[in-house]
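If you use this note's numbering, the sequence shown corresponds to residues 3 to 652, in order.
It should be emphasised that the hints constitute simulated quantities derived from the structure, not laboratory data.
Warning: the hint list may mix true and false statements.
[What the hints assert, rightly or not] Subject to a maximum C-alpha distance of 25 Å in a straight line, what follows is the list of computed DMTMM-like cross-link-like pairs (lysine to aspartate or glutamate):
1) K285 x D272
2) K511 x D529
3) K166 x E314
4) K313 x E459
5) K511 x D596
6) K286 x D270
[As the list claims (entries may be wrong)] Derived CB-CB ranges, DEER-like:
7) V297 x D223: 20 to 26 Å
8) D462 x V297: 28 to 34 Å
9) D462 x E275: 39 to 45 Å
10) V297 x D405: 22 to 28 Å
11) E274 x A227: 56 to 62 Å
12) G190 x H276: 26 to 32 Å
13) G190 x I444: 51 to 57 Å
14) H157 x P461: 37 to 43 Å
15) D462 x E518: 50 to 56 Å
16) K286 x I440: 23 to 29 Å
17) H276 x V297: 33 to 39 Å
18) F338 x E275: 49 to 55 Å
19) F394 x V341: 42 to 48 Å
20) G542 x R505: 16 to 22 Å
Each residue gets a CB set at the ideal place from its N, CA and C atoms; glycine is no exception.
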Amino acid sequence: MATTDLASPSRLRSWMLQGLSDMGKTGGHTGPHAEPEPPHKGQRWWRVMCLTGVDYFSTLGYQPGIAALAAGLLSPIATIVLVIVTLAGALPVYRRVAEESPHGEGSIAMLERLLSFWKGKLFVLTLLGFAATDFLITITLSAADASTHLIENPHLTSTLHDHKMLITLVLVALLGAVFLKGFLEAIGVAVALVGLYLGLNVVVVIVGLWHVITEGHVITDWSSALTAEHGNVFVMIGVALIVFPKLALGLSGFETGVAVMPHVKGDDGDTEEHPTGRIRDTKKLLTAAALIMSVFLIATSFITTLLIPEKEFESGGKANGRALAYLAHDYLGGVFGTVYDVSTIAILWFAGASAMAGLLNLMPRYLPRYGMAPHWARAVRPMVIVFTLVGFLVTWVFDADVDAQGGAYATGVLVLISSAAIAVTIAARKAGQRNWTIGFAIISAVFLYVTVANVIERPDGVKIGACFIAGIILVSLLSRLARAFELRVTSVTLDPMAERFIRDMASRKIRFIANEPDQRDRAEYHDKIEQIREDNDMPGDDFVFVEVTVLDPSEFEASLTVRGEVLHNRYRVLTLESSSIPNALAALLLHVRDTTGATPHIYFEWTEGSPFHNFLRFFLFGQGEVAPVTREVLREAEPDRARRPRVHTG
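Let the sequences and hints guide you as you build the complete structure.
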């Protein structure tokens, strides 16, 4: 009985942490796409397009209604503006992102390379906050809209009308369950859903266009109303440009397109450093998805604006959030309409899959590496549970309301697209591509305008994004604080001279002196030895100096290279470069112990100043009171006191 009780938690833990990499392991699995299981050889680009398409194409479920509410009779013209921005702006930007960042990190990785130290980390955390806003709201908004389609079905509305919140929560939970089970097989599901959904939309569009053509007065009534309301074509275009930011949801899908990029098969000769085939096929994926969506956006906005009474788009109307479903029921009957509803519900629910994939690809790539998430955050299943619970909270806060979440969704989408446009502008400038730099700069300006206009129009979106950012930064800093005393060194490599020093001391007592390099002249090392001898009442001068140079203190984990040199023909010195002095020293001591079998000793002098101030210096800048922190890192890394390297402070 006891054996069973012990085995069960162990099996559960192993299942939950399956795929968890060793910290800092080169090429380690840091998300569902970073390092696929060996049997997984990637998928053809058009199949992966369906995976990102469950997010992108599913916006047809609500985009025509949003366009009608925002632009009224101008909806088709405003949608054409959206299509132009998509094909001439977002598409070129993300084709360049795929080229510059082919492993699924997206524009965030491009911008991360431009900034270092804490400002870079905080900038990335801010972008991750907007990415979390985009992807999490995609999950909850899509589930809420799927619930709307379900309860507004004429056959079910009387039974389910008061259960929208419960249905939405169940859909979010089911999505989480899919990822807990495993996700690679879901690409096949995505292909089937996208094929069915687009096929049904083709039928609705053809029937809608047929009614527009056969009922000639529809077009004349619309054009007459447009002319009466706006006067001339130039005014119409101007108004369409003004209302365009409200249609920004139609730009969703590009960020998830590059997030799922590691699933693209590419060529047999592709390498991780040069995945040429993957980049080429991802560009095909992005282009094909944008062209397909553009055709559907123009066609659906046209038929819904001309064939659906304006009052039906408003809150409480039969076409609110489900304009194409309204036409499917009205023109093709209840049976076809119900089939259309089912397909829409399925693809909207599964739209959260590509968003969840994006979250699981981005967050484990950055937060654990920054020390700003627990080690288990590298594993997929625990993160699925976390994101599902956050999805429950968001659904509850917004009362499963699609319109209420639209502002936050659009803000997340636009901030990410704007950051991508800025990133590729900088990349083109660094590459000396003048024409591309100018073009991308213009695109960046357009997206920044759209983002600002959207924030002014719907400030709740940036407020919600700020909540996600604040939450991520707070949790990240608390996690970094909790993990401050981890070893944080992935490997230790000694050059030949350093190995010679260690071998020479191994037959005697291994004694190091921690030294903060200053002038590095003969007097500095002589005085340091005299001070250590006096403070510790110890004869002799058989010491090796250890000097650590802090490079980027905001980095959390890294490998350690130790170089040996003899200064002034007398003093042996080991030099190290690291993000933290105490962690580097602890790692060196443990490595020396493991390679020689002897217990090393290290000698420090106390650092002057407030302990609290010194701890902040360690936390932020990797320095501070080195001696006690080194001892604490050693204590956490080696529980056995008898085997622990000795730390002496005088």
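Here is what the structure says about each hint:
1. K285 x D272: holds (16 Å)
2. K511 x D529: holds (21 Å)
3. K166 x E314: holds (20 Å)
4. K313 x E459: Measuring from Cα to Cα gives roughly 22 Å; hence the hint holds.
5. K511 x D596: holds (15 Å)
6. K286 x D270: The hint holds at about 18 Å.
7. V297 x D223: 20 to 26 Å: Holds, since V297 and D223 (Cβ atoms, about 25 Å apart) stay within the stated range.
8. D462 x V297: 28 to 34 Å: holds (32 Å)
9. D462 x E275: 39 to 45 Å: 43 Å Cβ-Cβ, so the 39 to 45 Å window holds.
10. V297 x D405: 22 to 28 Å: holds (26 Å)
11. E274 x A227: 56 to 62 Å: holds (57 Å)
12. G190 x H276: 26 to 32 Å: This hint holds: roughly 29 Å between Cβ atoms.
13. G190 x I444: 51 to 57 Å: Distance hint for G190, I444 is violated at roughly 41 Å.
14. H157 x P461: 37 to 43 Å: Since the Cβ atoms of H157 and P461 sit about 40 Å apart, the hinted range of 37 to 43 Å holds.
15. D462 x E518: 50 to 56 Å: Between D462 and E518, where Cβ atoms are some 51 Å apart, the hint holds.
16. K286 x I440: 23 to 29 Å: holds (26 Å)
17. H276 x V297: 33 to 39 Å: About 34 Å separates the Cβ atoms of H276 and V297, which means 33 to 39 Å holds.
18. F338 x E275: 49 to 55 Å: holds (51 Å)
19. F394 x V341: 42 to 48 Å: violated (30 Å)
20. G542 x R505: 16 to 22 Å: This hint holds: roughly 19 Å between Cβ atoms.
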